[in-house]
Structures are given as C-alpha cells and as structure tokens.
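Q: Each chain, letter by letter, is given below.
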Amino acid sequence: MSSTNVHGAKSPNSQMPNSQNWDQELAVSIRGLNKWYGAFQVLRDINLDVGVSEKIILCGPSGSGKSTLIRCVNRLETFQAGTLTVDGIALTDDLKRIEEVRREVGMVFQHFNLFPHLTILENCTLAPIQVRKLSKGRATEIAMHFLERVRIPEQAHKYPGQLSGGQQQRVAIARALCMNPKIMLFDEPTSALDPEMVQEVLDIMVQLAREGMTMLCVTHEMGFARQIADRIVFMDSGEILEIAPPREFFTNPRHPRTKMFLGQIL
Amino acid sequence: MASNSIAPGGTYLSHKNAPVLPPPKQKDAWWERLRRSFFGTPLSAFLTLLSSGLILWLTPDLLRFVLFDAVWNAPDGEACRVPGAGACWAFVWHKLPYFIFGSYPEHERWRVVVTLVLGALLLAWLLWPQKMGKHPDKPFAAALLFLVYPLVALVLLLGAPIFGLPMVDTDLWGGIFLSLVVAGVGIVVSMPLGIILALGRRSSLPVIALASTSFIEFVRGVPMITVLFMANFMLPLFLPETVHIDRLSRPLVGVALFASAYMAEVVRGGLQAVPKGQYEGSAALGFTTWQSLRLVILPQAIVHVIPGIVNTFIGLFKDTTLVAIVGIFDFLRTVETARLDPVWAGPTISATGYLFAALFYGTICFGMSRYSIGIERRLAERKKGRVA
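Taken in sequence, the protein lines are chains X and F. This note's numbering puts the first residue of the first sequence at 5, with every later residue one more than the last. This note's numbering puts the first residue of the second sequence at 198, with every later residue one more than the last.
Some clues are possibly wrong.
With a straight-line cut-off of 30 Å between C-alpha atoms, the simulated DSS-like cross-links for lysine-lysine are [said to hold, decoys possible]:
(1) Lys162(X) with Lys515(F)
(2) Lys473(F) with Lys100(X)
(3) Lys140(X) with Lys335(F)
(4) Lys473(F) with Lys140(X)
(5) Lys137(X) with Lys224(F)
Label pairs and their calculated CB-CB ranges [as the list claims (entries may be wrong)]:
(6) Gly267(X) with Val404(F): 47 to 57 Å
(7) Arg567(F) with Trp40(X): 47 to 57 Å
(8) Thr410(F) with Glu104(X): 45 to 55 Å
(9) Phe430(F) with Gly165(X): 26 to 36 Å
In case anyone wonders, no lab produced these hints; they're calculated from the structure. No residue lacks a Cβ here, since even glycine has one placed at the ideal position from N, Cα and C.
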C-alpha cells in the first residue's frame, strides 16, 4: 500500500485543507507494522506514510486498532514487526531515541491526562523546563501564549479539577504545543466530553490544522474530518482497509466495510 | 407550594422562571436535636444512660488519683507512701531530667536541647501549612531536615573534639531524647528507602523486583523483636572483625529497615492509585522515567497515602520502646528504672510513671494523627477547587 502522494505545488497561501498541501518530506513512515497482544494480532501489516503538514484522520469501529496505531507513533505501544520512522528517527528499543521522538511528537488523550497536582500553568511549563531546559520565565511566556491561543489564559492559576472537560482538553492541547512539536497525535480527543463542549475543542484543532501542523487524529467527528483531513484512513480488525481524501471517502467509499461503517454513523 | 400538575401525555412550556427561594428554616431547636441524638431510640437512650453511668462511676476516682489526692511537691517518696495518696507527680518532676536525657552528662545536656529545638524548628517549617500551589521553600526545608540536620545532630549529640565538643558515648544516651533519635532515624531513613523499595518492587527488571520483594516480605514477615535481635547479634557477623559497630547503631539499623519495609508497601499502594494516564501523559511529553516519577507520579502517589504514611510513623514511634529489649535506655526503660529507685519506691510510683509515659506517647501520636487529618482535609478542599 503506497501513500497517495500528490505533489501539488505548495504555495504559502495554499493553507486551505483538502488541497494536497503537504510536503514530499515524510513526517511519519510506517512500513509492514505488525503487533500482537499475546496471541491476538491487533495490527496487521500497516503501511502509511504521512507527509509534513499532512492531516490524517483515522476512523473505524472500536477495537479496530486505530488508537493502538497512533500510540505506536510515540512508542506508548511497542510493536513486534515492521519499521516506524518519525521525523527521520527510526523507533527501536533505544530509550534515548524514544525520548527524542516524544519531544517532537505532541499527544492529546481522550481523558486529557493533565497533572492534577499542578496548576494549569505548571502543567504547561513542566516539560519545557525539565525536558527542553528552558528558563522558567521563557517557559511561562510560551505557556501563556498557547493558553491564550486556546482561549483560557485566565485559568492559568487554577487546578485541572476546577475546569470543565472542554477546558481541560484545551489545556492538554496547549500543554502539548508548548513543547513546539512537529507532529501532533490526537487519540479521540472529544470522546470523553459532554456534547456541548465538543465544538470548542474541535475549533482549536481546526485552527491548528490551518496553521500547517502535521496531525494524526483518531476521531468519530466526521464533520471535523471532512473539514480538515487531507486523507481519511479507515481501519477494521487491525487492518487499513481504505485510504482516501475526504470527498471521495464520504461520497464514494469503495470497500464494503467502509460503506457499512459510514452507513451506521452518518 | 402547590404546583400545576401535568397529566400523562400532557405538554408543557415554561413562560416564567421558577423563583429562587432560600432553603426552609431548620425547625428544630438545639435541645430537640440533642434529644434526638442521645435519646432518639430506646437503644440510643439505653446506651446514653449506660455510658453516662460508666463516666460518673470512673471519673471521680480518676480525678482523685490524678489531681486531688496527687502529691505535687515532695523531696522524696515519703509523702507518696502515705495511705490513700494519689499520683506521685513529685517523682516525675524529680526524675524528669533523667526521663529526658537518660545518663547524658549533665553539663553537656545543652547539646541535646539544641538538637531537639533545631529539629523541632525545621519540622515546624516543613510541616507548616502553606497556601496550596505556593511551596517554593518546602523542598529546601526537606533537604535541610533530611540531609543536613542528621549530620548536625550526630556531631552535636556524639561530640566532635575538633569543635570543642567532648565525645559522649552512646551508652550514656537515654530517655525521651533517645526515643526521638530512634524514631527520627527510622522516619528519615524509611521514607526514602521505602520509596526506593516500592519502586524496586514494581521494576520491570526481574532482579531488582525480586530483591525488593524478598526484602520487604522477609522483614515484614518477622516480628520487630526478631529484627532487633538479628541486627544486634547478626550484624557484627557480616562485618569484618575490625569494624566495631556501636551498641546503639545496631538497633537503629534494625528499626530503620523494619520501618522501610512497611513504608514500601504503603508507597506501593499509592503508586498503584496513580492512573495509567499519568504515566502516559508524562511519557508523551518526553520525560525520562526518572523525571516522570519524580515530578508527576510520586507527588501524587505520596499524597494518596498520607494517612498510611502517618499510620506507619505512629506505629514506628511506639515500636521504639522495643529497643529496650537489646539494652537501649529508651524513655519507657528509664521509667522502668526510675520506679525502682528506693528513694521513691512506693505503691503509686509505677502507676504514676506509666501514666506519664502514656501521656507522652498519647500526646505525640494524637498530634501526628490530627496533623494528618488536617492535611487530608486541605487536599480534599483543593480537589473540590475551594482553595485556589
């Protein structure tokens, strides 16, 4: 399975989604990836190349392996066969390399995973200070910049438990951005939110996509997928069954299971 | 307040907001509530009467012994031997220096006082409640108390001829101050060692996990007295003959190891209470395992188990009395010895001495317990977001 790279000219203004605006340069390259939990195979021969600035949406029924796949990208999950190269670094068991990759790859989780014993601001500055070795002043400056971007600078001195789910998830996005990542992974970022809070998080992600961030996102928000995705990856039972640009994916799905899935959720 | 009913299948559309009302007034007077708590049911009334009876029966005797018939001032045991005399507080007062300092030389006792006051001040600095989120000087206080203070205390108590402090052999140490030394060493060693053992037990490296688990299970599986005997008699066997280990440091090692094993299990419970997402969240930000433990996991794990930690400290503090069994003159042992002094010996002396010991241990343990409850309350408040 090769990536459907279309080498469109990339003008500075071509930031509109769905216009093949990613680079030829690869941000993530997954080749022949296989993973087992005991005897059970959860990922089967996964091949996917993601260009710099490309937005990939992964969807599929639960248990299809999409979360496991993006968790392999920053090595929260190990795999037994295949290669995975992130930002030019091949992921092996080498801890130093894994930490190197994790510094460049931001991740947003379904359950936010903010640090409850730290304030919002401390959540955002901890990694830049400890991992990137920034000064406290510089880290605070960056953190406040991103907290403003996600529109909650006034909550900086509260604790995560005092914020709504939507606000917490926006902090989680800001926290990841404070590390200045090259790639952002989103693992069902709106699934744990109350319905009225989904949009505020999606808005931030759309904004991020427009700015040219490389994104891999597992989500069931099909409207959002249609809006930002360069390509949609459909997975089932640990396999990639179909990769297509959103217009094609939604109007003319080819794999029968894709058709069935879309029939169920749309 | 009557509301309009809506029939099954009926529809409804609100045209005005329901008024916001204050809650209804508490109708019961305080005596009514009191009556309900003490005489609410026949069983409750029976228990109230029973316990009141017990209190009325016991209190006068107790008060008579402790206060009214007590001998407050006496040069020797003569006045306390009078029939019907109560507690002999004069005995406690006369023996107080011995209870506090043991046989520590009289003209050097200021060193003990300085050590204790210094320790108390540092402890107060570390434990003083601060506004949540503002704790910049706490790590500094902790470093002073856990790293610098033990050395200072060692030099002060043991002596250092180069500073003009004559050596005081540990054979002369005793009393409350020695009990505090034993408990202090136990606490200062068991906290970090317990954390290390707890992490070791959860390590993915089998050798480390097996070693930690074996240590914890072995030490926890035998009585404290056995550990003390082993430390006393077996420790010298493991060391070269030329190394002489001090008589006091052997039980200190025993107490510290014993407390560490218990602390390790308490901390492990805390580690298990930290959700997996916290490990993943910190890993995804590029923290090394050690950074993630130090900055994210342990601060949460320790807070989860503050009650368990304090419980272990309270147990440890009371267990220090067991060191007497290997010949160390802890506080209880000094009481034991003092009550046999023929100058004071009398029918009430033992009761007085033990009462004093009970007051001492009870006060300190109660203090620790209250402090722990206070901390828990503050943390619960923070979780609810009431303390900014």
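Q: Now tell me, hint by hint, if it's right for this structure.
A: Now the hints, each set against the structure:
1. Lys162(X) with Lys515(F): 41 Å, violated
2. Lys473(F) with Lys100(X): This hinted pair holds, its Cα atoms lying about 22 Å apart.
3. Lys140(X) with Lys335(F): Holds. Lys140(X) to Lys335(F) sits at ~18 Å (cutoff 30 Å).
4. Lys473(F) with Lys140(X): Status holds; Cα separation ~28 Å.
5. Lys137(X) with Lys224(F): 63 Å, violated
6. Gly267(X) with Val404(F): 47 to 57 Å: For Val404(F) against Gly267(X), whose Cβ atoms are near 55 Å apart, the range 47 to 57 Å holds.
7. Arg567(F) with Trp40(X): 47 to 57 Å: 54 Å, holds
8. Thr410(F) with Glu104(X): 45 to 55 Å: 33 Å, violated
9. Phe430(F) with Gly165(X): 26 to 36 Å: 53 Å, violated
Checked against the numbered hints given earlier, this structure breaks hints 1, 5, 8 and 9; the rest are met.
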